[in-house]
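Novice: If you want the building blocks of each chain, they are given just below.
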Amino acid sequence: MTRSLTILGLESSCDDTAAAIVRHTEHDRPAILSSVVTGQKDLHAAFGGVVPEIAARAHTEKLDFCIEQALHESSLTLQDLDAIAVTAGPGLIGGVLSGVMMAKGIAAAAELPLIGVNHLAGHALTPRLVEPVEFPYLMLLVSGGHCQFLVARSAEHFTRLGGTIDDAPGEAFDKTARILGLPQPGGPSVEQEAARGDPARFAFPRPLLDRPGCDLSFSGLKTSVLRARDAETARYGGLPRQIRADLCAAFQHAVSGVLAEKTRRALRLYLAEKPEDPIFAVAGGVAANKEIRTVLEIVCNEQGVRFIAPPQALCTDNAAMIAWAGIELFRLGRKDTLSLSARPRWPLDQTSPAMLGSGRKGAKA
Amino acid sequence: MPPEPLILGFDTSAAHCAAALRSGSDIIARAHEPMQRGQAERLVPLLEEMLNHAGAGWRDLHAVGVGIGPGNFTGVRIAVSAARGMALALGIPAIGVSSFEALAEGHVLPVMVLVGAPRGHVHAQIRTAPLAGKPSSGDSPRYMPLADALAQAGATGLPVIGPDALIRAEAITAAAARRLAAGRVIERPKPLYLRAADAAPPRERPPPILP
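Going down the list, the sequences are from chains A and Y.
So that you can map any letter, position 19 of the first sequence is 124 in this note's numbering, and since no number is skipped, the others follow by simple counting.
So that you can map any letter, position 32 of the second sequence is 54 in this note's numbering, and since no number is skipped, the others follow by simple counting.
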């Protein structure tokens, strides 16, 4: 039986308000009928990072407009949908809640099934949205809030091989931008500056390379950048532009070096499972960084593994990935009730030991 | 004659889920469940139960009325987001009703309405009737210590409602019904925060950049 599914996805877990509609007929390629993303960059610019309360306020007043636009662009109405999928965590809880309540309001009133999607599953299933990819594949999820290696075994079953024990790389890019007086978000501004810099001028640490396993750490790196900045500033009575570029280049080089080596280790573990068609995919905002993409691709070529990097618009936060994850879950029979909870913490791999925030509230991701 | 408008009203701006269903001038169902947390899980199932109980369906509604605060920021967003979703799905208006308007409903005007805020403060608004028989309107809400608000009310001789008065969803449906009957363009409900988000620009400045 071939069955066509059309699902509306909603995303509001960080600073992008997004709605998208994806259609999929079995044995056919999925089609993104519309994908609307409204960012909040300007709202947070003055604060040097995303302010949760400001983000939540913006989501609440923007999301229904995004949905209307997504319906309009696809020339569909709610009656044409089979279900509505919404990010139910992990993320900034105020924003997640706005999305979940909006989805419940629509699902109840339009009598549509509701599917709560893990934001990380949205990223981790994106390779299957853009290319024919079979499970199991290895995934590096690398963004402003997350950094982990996952083996995707099905739409609901992921094994985490390792992840960051402190900051995510995107956070480190943002902090580096902040201490060097570059605009937020730090990813693109540090990358742009790094292009004119000499990475060899500074030797920054490669944290955790001396330890086995696939875990990563980035908080020490940003401290090293800060120390180097202070030393140079003291020497010149300010930070010379060229040295700032060199700091950016050396920082980016350190991040890509760590990610490359840890990817090598993760691939070793994954390849030991003897997958039929070995695939390594990246997702998340940091996957947009060209140096990082390039080194990861080189590592994959060394090992004869297919490298997949979805287009940038599908690497950063978007709702098409949530709609697609919704389609995958719906086909497996997943449906949530109208008492669905929004979860600030929701690890994708529920069996591996918690890495972050393993306190009373449980693991973050 | 057209059917009496059916209006669903609800509020989660404080430690409760409050809901009511109004048909014309009659309240045909009501619920008030106190809870410190769990409003996001409970609200929509509660509304469905209420509609079922009244023998009504979502498609029978002419409008939804929703409490927009001031109140608990997260609580207000829970109800406002759900109301906007319902309005979108049904193609009917969602009508925002402030805590001040809801609390003044049914009282002899003018009154001073106080809504509790953190750290011993309140939001105060004076509600007056511009014309006999018309709904109330309010002045610009002020944020101040509770004692100051009570002193002001004492000096002006205004009766005080609050700061711990319960918001009743019946009152929200009444205010929404009037707004619907007025036939003017209805804007989407927005939370009434009355306080800026807690956020400060980073204190540390980067060093001067030399050419």
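If you're looking for bench data, these hints aren't it; they were derived computationally from the structure.
Do not take every clue at face value.
Unchecked claim - In silico lysine-lysine, DSS-like type, Cα no more than 25 Å apart, as pairs:
hint, chain 1, residue 1, chain 2, residue 2
1, A, Lys167, A, Lys146
2, A, Lys395, Y, Lys212
3, A, Lys146, A, Lys395
4, Y, Lys212, A, Lys146
Said to hold, decoys possible - Not the full set, but computed from the structure, chain A residues with beta-carbon under 10 Å of chain Y:
hint, residue
5, Ala161
6, Arg162
7, Thr165
8, Leu168
9, Leu202
10, Ala215
11, Pro218
12, Ile284
13, Gly286
14, Thr338
15, Ala393
16, Ser446
17, Arg450
Backbone N, C-alpha and C fix where the C-beta goes; we use that ideal spot for every residue, glycine too.
Novice: With reference to the structure, classify each hint as holding or not holding.
Specialist: Status of the hints after comparison with the structure:
1. About 14 Å separates the Cα atoms of Lys167(A) and Lys146(A), which keeps this hinted pair within 25 Å; it holds.
2. A C-alpha spacing of about 41 Å is found between Lys395(A) and Lys212(Y), which places the hinted pair above 25 Å, so the restraint is violated.
3. With a CA separation close to 22 Å, the supplied pair Lys146(A) and Lys395(A) stays within the 25 Å bound.
4. Using a Cα cut-off of 25 Å, the hinted pair Lys212(Y) and Lys146(A) holds, with the two alpha carbons roughly 21 Å apart.
5. At a threshold of 10 Å, the smallest CB-CB gap from Ala161(A) to chain Y is about 6 Å, leaving the interface hint in force.
6. For the restraint placing Arg162(A) at the interface with chain Y, the shortest Cβ-Cβ distance is roughly 7 Å, inside the 10 Å limit, so the hint holds.
7. About 5 Å separates the beta-carbon of Thr165(A) from the nearest beta-carbon of chain Y, less than 10 Å, and the hint is met.
8. Given hint, Leu168(A) at the interface with chain Y, holds; its Cβ is 7 Å from that chain's nearest Cβ, closer than 10 Å.
9. Annotation: Leu202(A) was flagged as interfacial toward chain Y, and the flag holds, the nearest CB pair being 6 Å apart, inside 10 Å.
10. Hint on Ala215(A) holds. Least Cβ distance to chain Y is approximately 4 Å, under the 10 Å limit.
11. Hint status for Pro218(A): violated, given a least beta-carbon distance of 14 Å to chain Y, over 10 Å.
12. At its closest, the beta carbon of Ile284(A) sits 6 Å from a beta carbon of chain Y; the interface hint therefore holds under the 10 Å criterion.
13. Annotation: Gly286(A) was flagged as interfacial toward chain Y, and the flag holds, the nearest CB pair being 3 Å apart, inside 10 Å.
14. Below 10 Å, beta-carbon pairs count as interface contacts, and Thr338(A) has one with chain Y at about 4 Å; its hint therefore holds.
15. Against a cut-off of 10 Å between C-beta atoms, the interface hint on Ala393(A) is violated, since the closest Cβ of chain Y lies about 24 Å away.
16. Proximity of Ser446(A) to chain Y holds as hinted, the smallest CB-CB distance being about 6 Å (cut-off 10 Å).
17. Hint status for Arg450(A): violated, given a least beta-carbon distance of 16 Å to chain Y, over 10 Å.
Figure legend: structure checked against the earlier numbered hints; hints not met, in rising order: 2, 11, 15 and 17.
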